[in-house]
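Q: Starting from the given sequences, assemble the full structure and let the hints guide the process.
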Amino acid sequence: MKIKWLLLSLSVLTAGFLIPESHHRIPVAGASVADWHPKSFWYYPWGRSGTHKGIDIFAREGKPVLAASDGVVIYTGNDSVGGNIVLVLAAKWQFHYYAHLQRIDAHAFRLVGTGEPIGTVGSTGNASGKPPHLHFAIRSLFPLPWLYDSRKPQAWNTMFYIDPNKFLAGGKFMSKHILVADDGAYPSSISKPIRELIRQTGRIKQGEQKLVEPLKKPVTCEIALLSGSFADMPQALAERADYVQRFASHVSHEFKTPLTSMQRALFVVSLPLSVQG
Numbered sequence: 001m002k003i004k005w006l007l008l009s010l011s012v013l014t015a016g017f018l019i020p021e022s023h024h025r026i027p028v029a030g031a032s033v034a035d036w037h038p039k040s041f042w043y044y045p046w047g048r049s050g051t052h053k054g055i056d057i058f059a060r061e062g063k064p065v066l067a068a069s070d071g072v073v074i075y076t077g078n079d080s081v082g083g084n085i086v087l088v089l090a091a092k093w094q095f096h097y098y099a100h101l102q103r104i105d106a107h108a109f110r111l112v113g114t115g116e117p118i119g120t121v122g123s124t125g126n127a128s129g130k131p132p133h134l135h136f137a138i139r140s141l142f143p144l145p146w147l148y149d150s151r152k153p154q155a156w157n158t159m160f161y162i163d164p165n166k167f168l169a170g171g172k173f174m175s176k177h178i179l180v181a182d183d184g185a186y187p188s189s190i191s192k193p194i195r196e197l198i199r200q201t202g203r204i205k206q207g208e209q210k211l212v213e214p215l216k217k218p219v220t221c222e223i224a225l226l227s228g229s230f231a232d233m234p235q236a237l238a239e240r241a242d243y244v245q246r247f248a249s250h251v252s253h254e255f256k257t258p259l260t261s262m263q264r265a266l267f268v269v270s271l272p273l274s275v276q277g
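Using this note's numbering, the first residue of the sequence shown is number 1, and each one after it goes up by one.
In the DMTMM-like style, the derived pairs of lysine to aspartate or glutamate whose C-alpha atoms are separated by at most 25 Å in a straight line are:
| # | residue 1 | residue 2 |
| --- | --- | --- |
| 1 | K216 | E61 |
| 2 | K152 | D163 |
| 3 | K130 | D35 |
No lab work stands behind these hints: they were computed from the structure. No experiment lies behind these values; they were computed from the predicted model shown.
A: Put into structure tokens, the structure is as follows:
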């Protein structure tokens with residue numbers, strides 16, 4: 001009997017890994033990659049959890065929250081941190097966590113398809129008083145050693161959490177604004193933000209720091225990350241220039257004092273003895 005249950009458990013676990021992944025989509029109706037900060041995943045420090053293990057997709061309160069992929073709803077409920085939450089088991093034993101919902105429209109132990117409404121955007125739980133948003137996180141039941149990053153805080157946890165940026169951008173991705181499939185994106189969707197990035201490069205070169213801002217519609221996560229880097233570049237350059245200036249001033253001061261003393265000594269030595277006395 002024990003062997004039978006063991007074989008059944010192994011079969012279920014194996015089946016979870018064999019289930020093919022469905023299309024992915026941004027889990028908020030009408031949202032794009034511009035509606036969350038691409039660097040917010042694993043941001044540190046972050047509240048009681050220490051690190052931010054997901055992304056916050058900002059939207060108007062009441063906007064439909066949609067299933068990011070096919071799966072089975074295994075929990076719906078409320079807690080002090082996530083507020084109204086929905087937990088969905090997707091392919092490869094990955095749990096999709098939807099938090100701070102205004103309303104829950106899903107039911108436990110029911111199948112959901114990609115894009116199916118499961119709730120609405122809100123600010124419940126520890127998001128009370130903050131702008132309404134969906135906290136979306138992906139956790140693997142089993143450790144994924146290739147995700148381990150010793151450079152990050154809570155490094156051991158990095159094996160269990162998948163970056164939603166990469167999840168939403170990789171493979172097949174569906175949203176209102178763009179369709180990215182295995183063969184790439186439509187050129188017309190990509191060319192406009194790339195042209196704007198080229199213009200921003202020129203602004204940085206000319207020192208027009210205040211005119212460089214993250215793209216409002218970067219279309220893909222990769223372009224959003226690049227745009228964020230461009231927006232951070234002027235400040236980084238300014239900080240580097242300020243550091244160089246302060247360093248040069250410090251070095252100049254350090255050398256100036258002994259040089260001045262030497263000049264005075266040489267001046268005194270060069271004077272006639274009658275003047276020195």
